[in-house]
Structure formats: C-alpha cells, structure tokens
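Using the hints provided, position chain B relative to the given structure of chain A.
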Amino acid sequence: MIRVLITAVTALLSWVLLLPVVLLTGAAWLFATSVRALGRLMEPRFVPWTDLMTFDQKLGWRPRPNLDVNYLAQRDDVFHIVTDQEGWQGTRALDDSSMVVIGDSFAFGYGIDTGKSFADLNPKLTIKGIGAPGYSMVQPVLLMEQFAERLKGKLVVWFICLENDLEDNLAPAMTSYRSPFVRPSRQHEGWEIAQDHVGPSPWLSSVWGSGRKRILPYLCVPGPIADRTYAGSDYLIGRAAAACSLVGAQLVLMTVPDPTQLTVESRANLAALSGNPDACDVDLPDKRIAESCKRHGVPIIVGKDHLSASDYKPIEGLHWNARGHRRTADVLGRVYESFRSGAIEGVASESHSMLAIDRLARLDESTAVSR
Amino acid sequence: MTVSFRRADIRALWIITTAVFSLAVGLAADTFGAPMPWAWGVAALALPLPGLVWPPWFRLGVRVWNRCAESGAAVLRAYVLKVGYYLLFSGVGRTGSALDLDLRNGETSRWISRARHEQTFAGCNRPSAQGGWWGRELLASAGLRGNAWQVSLLPVMLLLMLLRKEGQESALPSSTYTLY
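Protein sequence lines correspond, in order, to chains A and B. Here the first sequence is numbered in my numbering, starting from -17 and rising by one per residue. Here the second sequence is numbered in my numbering, starting from 100 and rising by one per residue.
Next comes chain A alone, as it looks inside the complex:
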C-alpha cells in the first residue's frame, strides 16, 4: 500500500514537473504539424519515379515521353518536368536545337523546373538537354552513336559529373538497375561496352548497400583504382569523339565538379578520405580527363573554373541551384559563340594542346576584337 502511495506521489510530481514541457512541446508540435499539413495542401501533386522512367534495352532506363508532371527530388523539393516525344526534357525537339547537352541528371535538369534550367535561360540559344538521373558516361556515348546524323553540324556539350560518372562507368548496375558499362575487352586489346546483361530484371550482385561511399577521394590519388577508372573514361571519350567526328558534330566536354572539390574545408576532407592526403590532388580528375581530351582532340571546359560551392543546393548537396544553372547557361553561351566563330575547331586542331575554356575565352575576346 505504501509502495503504491509512493509510486503515485512520485508519478504525480514528475508529471507536474513535466507539464511545462508538455505545453511547450505540444505547441511546437502543433505548429510544425500545421505547417506540414498546409504545405502538403499547397504543394502540387507529384508522381513516383516509376511514372517518370521506363526500361530501355540499350541504355538501361530512359525518361518516359510526353511527360508533364511533378516529381519529388531526393532530399529536396517538388519540381515540374516536361519531356518531348522521345522522352528528353523540354518541349524543343533535338532536330530544332543548335546545341545538344548530353549527360546524366545535370543534363536532365534534375532539381529545377523545366523552363528554368540552363537549357532555357538563354533566349538566343536553342539547347536540348539529353540525359537521365543515374546515367554514367556510357549512356551518353551510346546516345551519340544512336543519334548519329541528327547531331550533324551541332555543338554537343557532354556533361561529366566527377562525383559518380567515372566510377559508374565500370559498374554493371546502378543500384539494382542493370546498365551498360565498360570493361577491358575479352576479344581484343582495349576496352568495350558490355550490354548483354541489360534487362528489366533486377541485378542481384549490386555493390550498392548501406554504408557504401563513392570513390571520388580515391580518384584524386594516383594508383591502380584511379588508373583503371580513367582508362575506362578515356576509352569512352575516344568513342564519343569518333562518333561526333564521323557525322560532323563538334564535341566539347565539360566536367561538373562535386561540391566537395570547391571549398578549402571540403577539399581537406576529401584529402583525408582518400587515405593518402600527401598524394591527394583534388584536381586530378580534371587533369586526367583533360589528358584524355587532349589525346582525342576534344575541347574541355573545366567546370571547377566556373562554378563555386554557392552554385549548388546547400541541403541536397549535389545538383545546381538556380544560380548554378545561370552560371552554366552563361558558360554554354560563350562556348557556343566560340563554336559559331570557328574558334573551337581551331583549338581542337592546334596540336591538341591546351583545350581549357580559358583558351576559348581568349579566342572569344580575340574574335570579338577582330569583329
């Protein structure tokens, strides 16, 4: 009986002491819940990603055609997407565009409403974005070969996201979705694109699992991991260059930096993650890609020279914000001017030396002066 009494008194006393907490917490919870409820009412309805993407035998997956829907971006917001009859973002057809930007989610315009991405910010330029989230460098190469004659006379800008494209080139699947990849050829010396395994059934041997981290830090350190990765991307750059050259399209490659490469603090963190901070060179991915571009006669734009950390979404942390899209649109505008003036051709043919945009910029200025 005494036990019951003591327990009851103790419980009552603790409840009294907790009453202010209950009131404060209740008020805060009510406020946050009301905000969320009102937010959901005001937010446009969005569809699941399975309504946006479909299986493709060659590419693994591609966006569905004739979309006009909203989607929820991971750790981000709801955005509006419109795709054309072939499934590529925007209403403008490929054949009506003077510039084609090809790549992954950056080219797709992920994380921004269609109409507000880099492809639509310059009214003087007709840009077609061709890409899908999760693409590596392999799918763009296959697309360039697939489009072939349709790229004739156009400027093709190839976005390469350093955070994942280089690594994903070597993977037979993106999570459980089978995708084409590159590997050393089994028939001849050199590399090949493997596609036989691509199908709608899940890939059960995926390296994706809880706790998996990207290998970008290791790609900043010379060694076998970096060598193999860059050898794969070199093969793809060569193949893309050949595909565009064959049909008279001008290929320009633009590296898209990861935000971790853009601030002093994050670069130090990247070096620490690499396991070999003394040998870590955060610029190594750009340097190795530039070497490949030089070898294959492809002009390169080093994105890190034009983008800063404030051009990326602060919370989602991977894709461009509105400012980043404006910056990219500006860069593409300048590249296109160089293309129209013939300056890019000049750069590409000049003993394959120094192909960075600063060279293009100087050619831009000299062209402007001569005009």
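Do not rely on the hints blindly, as some may be mistaken.
Claimed, not checked - The list that follows gives simulated cross-link-like pairs (lysine-lysine, DSS-like), each with its CA atoms no further than 27 Å apart: (1) A:Lys195 x A:Lys286; (2) B:Lys264 x A:Lys195; (3) A:Lys269 x A:Lys286; (4) B:Lys264 x A:Lys295.
What the hints assert, rightly or not - The following residues of chain B were derived to be distant from chain A, with all beta-carbon distances above 10 Å: (5) Gly125; (6) Leu126; (7) Thr130; (8) Met135; (9) Pro136; (10) Leu144; (11) Trp156; (12) Arg166; (13) Asp201; (14) Arg203; (15) Thr207; (16) Trp210; (17) Arg213; (18) Ala214; (19) Gly242.
Claimed, not checked - Computed spacing ranges between beta-carbons, pair by pair: (20) B:Ala173 x A:Ile297: 12 to 22 Å; (21) A:Ser158 x B:Thr207: 42 to 52 Å; (22) A:Ser80 x B:Ala173: 54 to 64 Å; (23) B:Ile114 x A:Leu186: 43 to 53 Å; (24) A:Pro26 x B:Pro134: 36 to 46 Å.
Quick caveat, the hints were computed from the structure, so don't treat them as lab data. Just so you know, these numbers come straight off a predicted model, no measurement behind them. C-beta atoms are modelled at their ideal positions from N, C-alpha and C, and glycine is treated no differently.
For chain B alone, coordinates are given in the frame of chain A:
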C-alpha cells in the same frame, strides 16, 4: 518538429507564423489597452514583407525555426530524461520495484551473454517490432502483476518521442532511384 525547405513548406510556415504573430500582437495590444488593437494586428502582417526585396528572408525564417526547435528539443529532452531518471525511477526504485535489479544469491553480475539473451527473448512477441504502436507494448507490460508503475512512463516516453533528434528536415522519402 523541424520544417523542410520545400517551397510549399516555406510558404506555409510564413503564412501560419504571420497569422499567429498578428493574432498575438493584436491580443497583446488589446490586453495592454492600446487604442485600435486591430491596427497592431494588421501591422504585424508586415512580418514577411522584407522577403519581397530580399527573398532569402523566407528561408531564413525556416532556418531560425529549425534551429530553435533543435536547440529547444535538446534542452527539453535533457530535462525530461533527468526528471524521469532522478525522480521517477529513483522514487519508484526505492519502493522496491519489480525490475528485479538486485543481485541474486551467488551472482556477481546481471550481464546476460548474447546466446542466453537470444534463448531468453527469441520468442518475444513485441508489437512494436511488428510495426505496432510502441505504447501498446508499454501498456501490455504495465498490465502485468507488479508493473503498474510503468504507466507513469507514458508521458515521458511520449515526450521523448516528440523531442527526438531528427537527422534532417522531415520530408517524404523520395524514390529517385526507384526507376521502374
């Protein structure tokens, strides 16, 4: 209790904050006998106006709320745990609770080896493990003989659940990489 940075949530936060602030100012003005208290309420509607010339103002509002919610939750969580541990558990413990914490004859420790734990609890039918409400498990346990005191834990558990640390602003899980 944090708010995400989705545009709709930012708008919703400012709508509700402005409405509540306007109401509070109007009521305060009325309480203090100000002439035309409704005018004070209307004036308080100017709270979101800086956002018209400086759009980051709106995100700043969400950031301020989230920071206050996280800091406040940490303080309140610590307070709730202290009340629970030093008052509830101590008080109930002194009455000889049925937690059976005392060492039995010949025991030097109450640590249970993993193998023995699995033998002892493997067949445990836990509603929370099956996706049921955690409170059901607590109430079921409190219904056992000698465990009635556990009912007093319900408010503590509820508060700790509401005040739990959130990894990031709450948002519906996305399915970007669930393709087809």
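For each hint, the structure was consulted:
no.: 1; hint: A:Lys195 x A:Lys286; verdict: 22 Å, holds
no.: 2; hint: B:Lys264 x A:Lys195; verdict: 24 Å, holds
no.: 3; hint: A:Lys269 x A:Lys286; verdict: 12 Å, holds
no.: 4; hint: B:Lys264 x A:Lys295; verdict: 23 Å, holds
no.: 5; hint: Gly125; verdict: 18 Å, holds
no.: 6; hint: Leu126; verdict: 15 Å, holds
no.: 7; hint: Thr130; verdict: 19 Å, holds
no.: 8; hint: Met135; verdict: 28 Å, holds
no.: 9; hint: Pro136; verdict: 23 Å, holds
no.: 10; hint: Leu144; verdict: 17 Å, holds
no.: 11; hint: Trp156; verdict: 16 Å, holds
no.: 12; hint: Arg166; verdict: 13 Å, holds
no.: 13; hint: Asp201; verdict: 16 Å, holds
no.: 14; hint: Arg203; verdict: 21 Å, holds
no.: 15; hint: Thr207; verdict: 28 Å, holds
no.: 16; hint: Trp210; verdict: 28 Å, holds
no.: 17; hint: Arg213; verdict: 22 Å, holds
no.: 18; hint: Ala214; verdict: 26 Å, holds
no.: 19; hint: Gly242; verdict: 16 Å, holds
no.: 20; hint: B:Ala173 x A:Ile297: 12 to 22 Å; verdict: 21 Å, holds
no.: 21; hint: A:Ser158 x B:Thr207: 42 to 52 Å; verdict: 51 Å, holds
no.: 22; hint: A:Ser80 x B:Ala173: 54 to 64 Å; verdict: 55 Å, holds
no.: 23; hint: B:Ile114 x A:Leu186: 43 to 53 Å; verdict: 48 Å, holds
no.: 24; hint: A:Pro26 x B:Pro134: 36 to 46 Å; verdict: 44 Å, holds
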